[in-house]
Amino acid sequence: MLRDITLGQYYQTDSVIHRLDPRVKLVATLAYIISLFVAGNVPGYILAGLFLAWVIHMSKVPFRFMVKGMKAIVFLLCLTVVFNLFLTPGTPVVSIWKISITEEGIAIAVMMAVRLCFLIIGASIMTLTTTPNNLTDGLEKLLNPLKKVRVPVHEVSMMMSIALRFIPILMEETDKIMKAQIARGADFESGNLIQRAKNMVPLLVPLFIAAFRRANDLAMAMEARCYRGGDGRTKMKPLIYKKRDRIAYLVLIVYMILMIVVGRILMV
Amino acid sequence: MAIKLEHISYVYEADTELSVKALDDVSLEIPDGQFIGLIGHTGSGKSTLVQHLNGLLKATDGKLYYNGENIYDKDFDMKKLRSQVGLVFQYPEHQLFEIDVFSDVCFGPKNLGLPKEEVEARAKKALRQAGIEEKYEKQSPFELSGGQKRRVAIAGVLAMQPKVLILDEPTAGLDPKGRDEILGQISQLRKETGMTIILVSHSMEDVAEYVDRIIVMNKGKVKFDDVPKKVFSHVNELEEIGLAAPQMTYLMHYLKKEGFDVDEEAGTVEEAKVSILKALGKDREAQKGQGGRAC
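Going line by line, the protein sequences match chains W and R. Residues in the first sequence are numbered from 1 upward in steps of one, following the numbering used here. Residues in the second sequence are numbered from 1001 upward in steps of one, following the numbering used here.
Honestly, I wouldn't trust all of these hints.
Derived pair list, reagent style DSS-like, types lysine-lysine, alpha-carbon separation capped at 25 Å [to be verified]:
#1 W:K148 to W:K179
#2 R:K1257 to W:K176
#3 R:K1230 to W:K176
#4 R:K1079 to W:K176
#5 W:K176 to R:K1149
#6 R:K1058 to R:K1223
#7 R:K1163 to W:K179
#8 W:K179 to R:K1229
Covered stretches of chain R (chain W as the covering partner; in silico rule of three or more C-beta atoms under 8 Å from a C-beta of chain W) [as the list claims (entries may be wrong)]:
#9 1071-1083
#10 1156-1162
Everything labelled a hint here was simulated from the structure, so no lab data went into it. Owing to the predicted nature of the structure, the values given are computational and were not obtained by experimental measurement. Glycine included, each C-beta is placed from N, C-alpha and C at the ideal position.
Full structure from sequences and hints, please.
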């Protein structure tokens, strides 16, 4: 049940994409998302799709892992398609009663669906190939200039990495407490909404207590190792751009230019 | 009768790269009233196995019968099974949630849909069985000591008056005194009620004194299934799978090697004492001397 959530899961293997600097991957993901909105025609989407397929191939992550992440947005996807399909004015193709499906509607619905799929898969490549720790390291370094305007960049990224780290722990804890209460005859699946909410109390109270206990332990462990925030803190493996990162940036720039050319200028 | 497992297999995260075979073709029979020690190294599948016994996990393969009924049948009453096979998880004190000890213990019987008087009577009885005094009943469970919390949690399961009680590492993280108290109470409970008890542990020492039968798990399979003495005689094999026989067994093996005529299968301090004194020809003093714990 709860284990099915794969968003943000890391897939362990060795590939060029895995070895890239997390900053490159963050920037590339952002750029890719922007490029999807720049492209407004079929050739643009084909190019975006090809680029995505190439990156997936390079990452050595099985394709079904990416599809797994899609499950979470199936509902959103259907909703978008349905609304666009029925509510776009234009030349009608099929008409039933007052509702009609238009040519423009079909085109926009397909475009939207493709755009959403690419977006989710593109973002999941980043999380599948980068460990949460690396990701927050990259984010911290990318946002470093903001320190000058007093944004607590280190603290924010530390909070983020701890939050990410706690997701699997708390999920496991939930599973355990749930089982323990089911063994005592608790029922989490039947009854109306109010009844169900009430039934969650035996799960939520121990879960909150566990979360606080763990947070407390972690704070203690961090202090025991002299953690005092980001000032003057050095890294064992500092992020340094290597040759492959420069090449990746170059590839990205070429891709972006191509996207602008194909998606905007060729649109006549 | 009782519980019967036929070729049970269980795979975690089936159909992915991460799949792990936690149970591999396990067949067992657990008759009524037996006191069983389920022993295995961390990750040997013992916790997975006990979660099958009350239907929390469904076997990927195989059949499980409770009193002759297949529990994987569509019309099988899981709720009834769970009330009859009580499972106390590892660190059960983490499941406490009510405002006071008494209400927490009432949670189980209340879920069975019993009348209020019956619920309270059962809770009271369970608390006494678990060795919690009346003065603690109105306290918050979070104010108690670790050992007391655990006993309250065990009482929470006992209050459902199960026919089979499974305890998953009930002594983990307790000091020796707390450990002896809990194990003593479980043994006492067994004598009073005659219920089937399955004690999961990774320590032979813990279970050697109490159980009638030991099941040793290794890599999801049943490695040994016999009376304690017979299981302990496989010292070398036990060590190979990361377990150890009780310290007394080692001592007896050593003495035997040195030429003393002692019983190699003795697993508890008491048995060892008798055997050693006998070998030394001081049989009589064995009754006189005090049965203090060695080490």
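Quickly compare the C-alpha distance for K176 of chain W and K1149 of chain R to 25 Å and report which way the hint goes. holds (17 Å)
Are the Cα atoms of K179 of chain W and K1229 of chain R separated by 25 Å or less? violated (35 Å)
Quick one, are K1058 of chain R and K1223 of chain R close enough, alpha carbons at most 25 Å? Holds: K1058 of chain R and K1223 of chain R sit about 22 Å apart, inside 25 Å.
Coverage criterion applied to the region 1156-1162 of chain R (partner chain W; beta-carbon cut 8 Å; 3 residues): holds (count 3)
Satisfaction of hint between K176 of chain W and K1230 of chain R, Cα-Cα up to 25 Å: Judged against 25 Å, a Cα distance of about 35 Å means the pair is violated.
Does the alpha-carbon distance linking K148 of chain W and K179 of chain W stay inside the 25 Å limit? violated (49 Å)
Three residues minimum, CB to CB under 8 Å: does the region 1071-1083 of chain R make the cut for coverage by chain W? Let me know. holds (count 3)
Proposed proximity, K179 of chain W with K1163 of chain R (alpha carbon, max 25 Å): holds (19 Å)
With a cut-off of 25 Å on the C-alpha distance, tell me whether K1257 of chain R and K176 of chain W pass. Distance of about 47 Å is beyond 25 Å: violated.
Quickly compare the C-alpha distance for K1079 of chain R and K176 of chain W to 25 Å and report which way the hint goes. Distance of about 18 Å is within 25 Å: holds.
In summary, the numbered hints that this structure violates are 1, 2, 3, 8.
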